[in-house]
Amino acid sequence: MEPQAIFETLKGKFGDAVTELQSEGFRPAFVVVSPERLAEIALYLRDDPSMRFDSLMCLSGVDYKDRFAVAYHLYSMTHRHAVGLKVFLPRENPSVASVDPVWPAANLMEREAFDLFGIVFEGSKDLRRILLPEDWEGHPLRKDYKYPEFYHGIKV
Amino acid sequence: MNRPAEALPTQEMLINMGPQHPSTHGVLRVLLRTDGEVVVNARPDVGYLHRALEKIGERVTYAQFMPFTDRLDYLASMNCNCAYAWSVEKLAGIEVPERAEYIRVIVCELNRISSHLISFGSFTADMGAFTPFLYSIRERERVNDLFEMVCGNRLTYNYARIGGVSADAPPGFLEKTKEFLDYFEPKIDEYNNLISYNKIFVHRLANVAVVTADEAVAYGLTGPNLRGSGVAFDLRRDEPYSVYPKLDFKVCVGTGERGRLGDCFDRYMVRINEMRESVKILRQAIAQIPDGPVLAKVPRLFKPPAGEVYFRSECPRGETGFYLVSDGTANPSRLKIRTGSFVSMNIFEKVTVGLMIADIVAVIGSLDIILPEIDR
Amino acid sequence: MESFVHSLVKAVPVLSGVPMWTLTLTAMILSAAVLLVFALTFGGVGSYVLRKVAGDIQARIGPNRVGPNGILQFLADGVKLVLKEDIIPAKADRFLFALAPYFVFVGSFAAFVVLPFGVGLIASDLNIGVYYVMAVTSLVVVGVLLAGWASNNKWALLGGMRAAAQIVSYEIPVGMALMPAVLIAGSLSLQDIVRSQGGLLGVFGWNLFHNPFTFFSFFLYFTAAQAETNQTPFDLPEAESELVSGYNVEYSGIRFGFFFLAEFGDMFVVAALATACFLGGWHIPFLHAEALPAFWGNLLSLGAFLAKAFALVLVMMWIRWTLPRLRVDQLMRMAWKYLVPLTFVNLLGVSLWLLIFKGKGIPQMIASLFG
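Protein chains in written order, with numbering that gives the first Met the number 0: chain Y, 0 to 155; chain H, 0 to 375; chain P, 0 to 370.
It is possible that some hints are incorrect.
[To be verified] Derived DEER-like restraints, expressed as beta-carbon distance ranges: (1) Y:R79 with H:V352: 27 to 35 Å; (2) H:G353 with Y:R128: 22 to 30 Å; (3) Y:E133 with P:I60: 41 to 49 Å; (4) P:I70 with H:D181: 32 to 40 Å.
[Unchecked claim] Incomplete in silico selection of chain P near chain H, CB under 10 Å: (5) I86; (6) I87; (7) L235; (8) R326.
[To be verified] With a cut-off of at most 25 Å between alpha-carbon atoms, the simulated BS3-like pairs for lysine-lysine come out as follows: (9) H:K89 with H:K177; (10) H:K186 with P:K51; (11) H:K349 with Y:K124; (12) H:K302 with Y:K142; (13) Y:K64 with H:K279; (14) H:K245 with H:K279; (15) H:K349 with Y:K142; (16) H:K349 with H:K54; (17) H:K186 with H:K175; (18) P:K90 with P:K153; (19) H:K249 with H:K186; (20) P:K153 with H:K349; (21) H:K54 with Y:K154; (22) P:K79 with H:K198; (23) P:K51 with P:K79; (24) Y:K64 with H:K54; (25) H:K54 with Y:K145; (26) H:K249 with H:K279; (27) H:K198 with H:K186.
Hints listed in this document are in silico derivations from the structure and should not be mistaken for laboratory results. Note that CB positions come from ideal geometry on N, CA and C, so glycine has one too.
Take these sequences, add in the hints, and give me the full structure.
Here is the structure:
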C-alpha cells in the first residue's frame with residue numbers, strides 16, 4: 000500500500016488525529032499523527048490485515064528547533080511496504096505514549112531517545128538513560144544543549 | 000525425598016559480567032542474577048563506548064562524516080561507509096557511476112566475508128575451541144591485504160565517497176580477489192568439518208535461546224539473526240539497492256537442522272552459508288564490472304535539498320539504516336544511525352531467562368553484537 | 000626405600016656406621032628432590048611443547064623469541080612468574096588464599112611418588128599404589144575449592160564449585176576404569192600391575208590388548224581422567240571465555256605458578272597412570288628390561304615409560320586444541336548417565352572374562368594356539 004493510501008485510510012479511521020502527509024522530499028513519506036492517539040494508531044497499523052506493519056525499523060527523536068518530533072519508520076514483512084509515522088511534541092515536557100507494547104523492538108530505541116532528547120515515553124517498561132551515565136545532566140542531542148565544562152571534576 | 004524446591008531456598012547471586020570480560024565482544028556489561036549457574040535474569044547495560052557520533056554528525060558536513068562511519072562497526076567498515084554513502088546519495092539524488100557501484104558491492108561482500116569470519120572465529124573461541132579463531136584470522140588477513148590494495152587501510156577504510164569511491168581499484172585487484180575466492184571457498188567446508196558439526200559444539204548451541212520468526216520480527220532482529228529464525232528477508236533482495244538486482248544469490252535461512260528453528264546453531268549456520276553466497280556474488284560482480292569513472296561530480300560544498308530520508312542496507316550485523324534530516328545546509332540537521340546490534344539487544348533479556356551462564360556467552364556470540372555499533 | 004638403603008649399606012660398607020634412619024631420610028629427600036626437579040622441568044618444558052603444538056595446530060609459529068626456536072621461553076616465563084608481584088585481594092581470606100595453591104600442587108605432586116618410572120625406579124612401591132593416587136589427587140578438589148572461596152570473587156567461586164562437582168563426580172569412573180588392571184594383576188601396587196603386563200614380546204602383554212573390555216576401559220579411563228584433571232574439553236572450572244579464568248582468577252606470581260605446575264603435573268599423572276595400567280608401563284617392546292644389567296635395564300625402561308607417557312600427553316594437547324567445551328549440565332550428565340554405568344558394566348565384563356577364561360587374555364590364547 001502506498002503512503003498516500005495509508006494516509007487516507009488512517010484519516011478516515013482516526014479523523015483529526017491524523018494531521019498531515021509529508022511526502023515531498025520525504026522517503027519514506029511520513030504520516031503525521033497527534034501524540035494523544037499514537038498508541039491506538041500504532042496498534043491499528045500493526046494489526047489491520049491490509050496494513051500489517053509488524054516491524055519497527057527505526058525510532059528516532061528529532062529536534063526541529065521549534066518543536067521535537069519522534070519518527071517511527073515502519074515496515075511490513077507481510078506486504079513489503081513501508082511508511083513513516085511522526086508525532087510532533089512541544090519543547091516543554093515532551094511526552095508521548097510508548098509503543099513498546101506494540102513493537103517490542105522499540106524499547107531500547109525509546110530509551111535512547113529519552114536519553115539524548117529527554118522525550119518521555121509514558122508506559123515504557125524501563126525508561127532509564129542508556130548511552131550516557133545515569134547522572135549525566137541535560138540531553139545532548141537537543142539543539143540548545145550546553146556542553147558541560149566539567150564532569151565529576153574532570154574537564155570535558 | 001519429594002521435597003519441594005522452596006524447602007531449600009538458596010540465595011540469588013548478582014554477578015557482573017563485563018564490561019571487561021573475554022566473551023562480551025567488547026565492553027558490554029551484563030548484570031546477571033543467577034541461581035547457582037542458572038540465569039534468572041540477564042540485563043544488558045550498554046553505553047561504555049558512546050562517542051556521540053550522532054551529535055558529531057550534526058556538526059560536520061555530509062562528506063566529513065564518512066570517516067566516522069568506519070567507527071560504527073569496525074569489522075565491517077566498508078559496509079558502513081557504503082550504507083552512509085547510499086543514504087546521502089538518495090537524499091541528494093546523486094547518480095553514481097556503475098563501476099563505482101560494482102566496486103562498492105565487491106568491497107562490501109569482501110567485508111561481509113571478513114566480518115562473518117571474525118564472528119565465526121570468536122564464537123567458536125567463546126565455546127572453548129580456540130583453533131578455528133586463528134584459522135579465520137588467517138583468512139581475514141588476506142581480505143585485509145585486498146583492502147590495503149584498494150584504499151591503503153586495513154581496518155578503518157574510509158573508502159566510499161558521496162557519489163562513488165575514493166579511488167578506482169588498482170590493477171591486479173580483481174585478479175587477486177578472484178585468487179582469494181578460489182582459496183577461500185574450500186575453506187568453508189574445512190570449517191564445517193572442523194567445528195560446525197562437532198558433536199560438543201552442536202550440543203552447546205542446538206535448542207539454546209530459540210527465537211521464533213514472529214518474535215524475531217517483533218523484536219526488530221535483522222540480518223543473519225532474523226534469517227536464523229527462518230524469515231527469508233534480505234534487503235539486498237527485498238529492497239534492492241546498488242547493483243544487487245543484477246546479481247544472483249540465495250537468501251540463507253535457518254532450517255533448524257540440529258535443533259529447533261531459531262536457535263543459536265541456526266544463527267551460526269546462516270553466517271557460514273552467507274559466506275558462500277558472498278563468494279558467489281563476488282564472482283558475478285567481478286565478471287560483470289564495467290569500465291568507467293568511479294566518482295560522480297559532486298560539488299565540494301555539497302548542500303542537499305531539504306528533506307528526510309531513511310535508507311537501510313544489509314550489513315553483516317543486520318540492517319544499518321541512516322535517517323537523515325536535511326534543512327538545506329551543508330551539514331545534516333539530524334543524523335540517526337540505526338544499527339543491527341543495537342536493536343538486537345532488545346531480545347537479549349527475553350531469551351536468556353533460564354539459561355546457564357555458559358549459554359549467555361553463546362547468545363552473545365550468536366547474536367554477533369559489536370559494541371561500537373551499539374553505543375555509537 | 001628401606002630395601003634400597005639396605006643394599007646401599009651392603010655395597011658401601013663405610014656407611015654401616017651411620018644410623019639407619021638418617022640414611023633412609025636422606026634417600027627419601029633425594030628421591031623427592033629428583034621427582035620435584037622432574038615435575039618442575041616437565042611443567043616448564045611441557046608448557047613450551049604445549050605452546051609449540053598449539054602453534055602448529057593453529058597455523059602459526061608459537062614461541063620463537065627466547066633462545067633457539069624459543070626453547071628458553073619456559074625459563075623466561077618461570078622467572079617472570081617468580082618475580083611478579085604477589086597480589087592478594089583486600090577482601091580475600093588471606094590464610095586460605097595462601098594455602099590453596101599448595102594443596103593443589105601437593106595433590107598433583109604427591110602422586111609422582113608411586114609412579115613406576117622404570118624396573119627399579121619408583122620412589123615408593125606402595126602396596127596400595129592405585130588407591131593412593133586416587134586419594135592424594137582428591138586433595139586438588141580441596142585446594143581448588145579453597146582458592147575459589149578464599150578469592151572472594153564470584154567467578155572464582157563459580158569455578159571452584161564447578162571444579163568440586165566435576166572432580167568428585169569423575170573420581171568414580173576414573174577409579175572404576177582402573178579396576179580391570181588391578182583385577183588382572185591381582186594387586187593394587189602399580190609396580191605389580193606393570194609387571195603383570197610383561198609377557199609376549201612386551202607389547203601383546205599390555206592390558207590394552209588383554210580383552211575387549213580392557214581395551215574399552217583404557218578409553219573410558221582416558222576420557223574420565225581428562226575430566227578429572229580439568230583438561231579441555233572439560234576445562235569448565237577455568238573456562239576462560241565464561242568464568243574469565245575460574246578459580247585462579249585472583250592469583251598472580253608464584254601462587255599462580257603453583258596452579259600452573261599442578262595442571263601439568265596432573266597431565267603427566269594421568270598419562271603415566273594410563274601407561275602403567277594399560278600400555279605396559281616401562282616394558283620395552285621386544286626387549287626384556289628386567290633381564291638386562293641393572294643400569295641399562297633401568298635406563299631403557301625409563302625411556303620406554305616416558306616415551307609412552309609423553310605420547311599420551313601429546314594426545315591430550317591435541318585434544319585440547321581441537322574440541323570446544325561442554326556445558327556444566329552436559330558434563331554432569333556425561334559422568335553420571337554414561338561414564339559411571341559404562342565403567343561398571345565394563346568392570347563386570349572384565350571380571351566375568353577373568354572368571355571364564357581363567358585370567359587369560361586374547362593374545363595369550365592365540366599364542367598358546369601356536370604353542
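Status of the hints after comparison with the structure:
no., hint, in the structure
1, Y:R79 with H:V352: 27 to 35 Å, "holds, 33 Å"
2, H:G353 with Y:R128: 22 to 30 Å, "holds, 28 Å"
3, Y:E133 with P:I60: 41 to 49 Å, "holds, 47 Å"
4, P:I70 with H:D181: 32 to 40 Å, "holds, 38 Å"
5, I86, "violated, 17 Å"
6, I87, "violated, 20 Å"
7, L235, "holds, 8 Å"
8, R326, "holds, 5 Å"
9, H:K89 with H:K177, "violated, 31 Å"
10, H:K186 with P:K51, "holds, 24 Å"
11, H:K349 with Y:K124, "holds, 13 Å"
12, H:K302 with Y:K142, "holds, 20 Å"
13, Y:K64 with H:K279, "violated, 48 Å"
14, H:K245 with H:K279, "holds, 13 Å"
15, H:K349 with Y:K142, "violated, 35 Å"
16, H:K349 with H:K54, "violated, 31 Å"
17, H:K186 with H:K175, "holds, 17 Å"
18, P:K90 with P:K153, "holds, 12 Å"
19, H:K249 with H:K186, "holds, 20 Å"
20, P:K153 with H:K349, "holds, 24 Å"
21, H:K54 with Y:K154, "holds, 19 Å"
22, P:K79 with H:K198, "violated, 39 Å"
23, P:K51 with P:K79, "holds, 19 Å"
24, Y:K64 with H:K54, "holds, 15 Å"
25, H:K54 with Y:K145, "holds, 12 Å"
26, H:K249 with H:K279, "holds, 9 Å"
27, H:K198 with H:K186, "holds, 20 Å"
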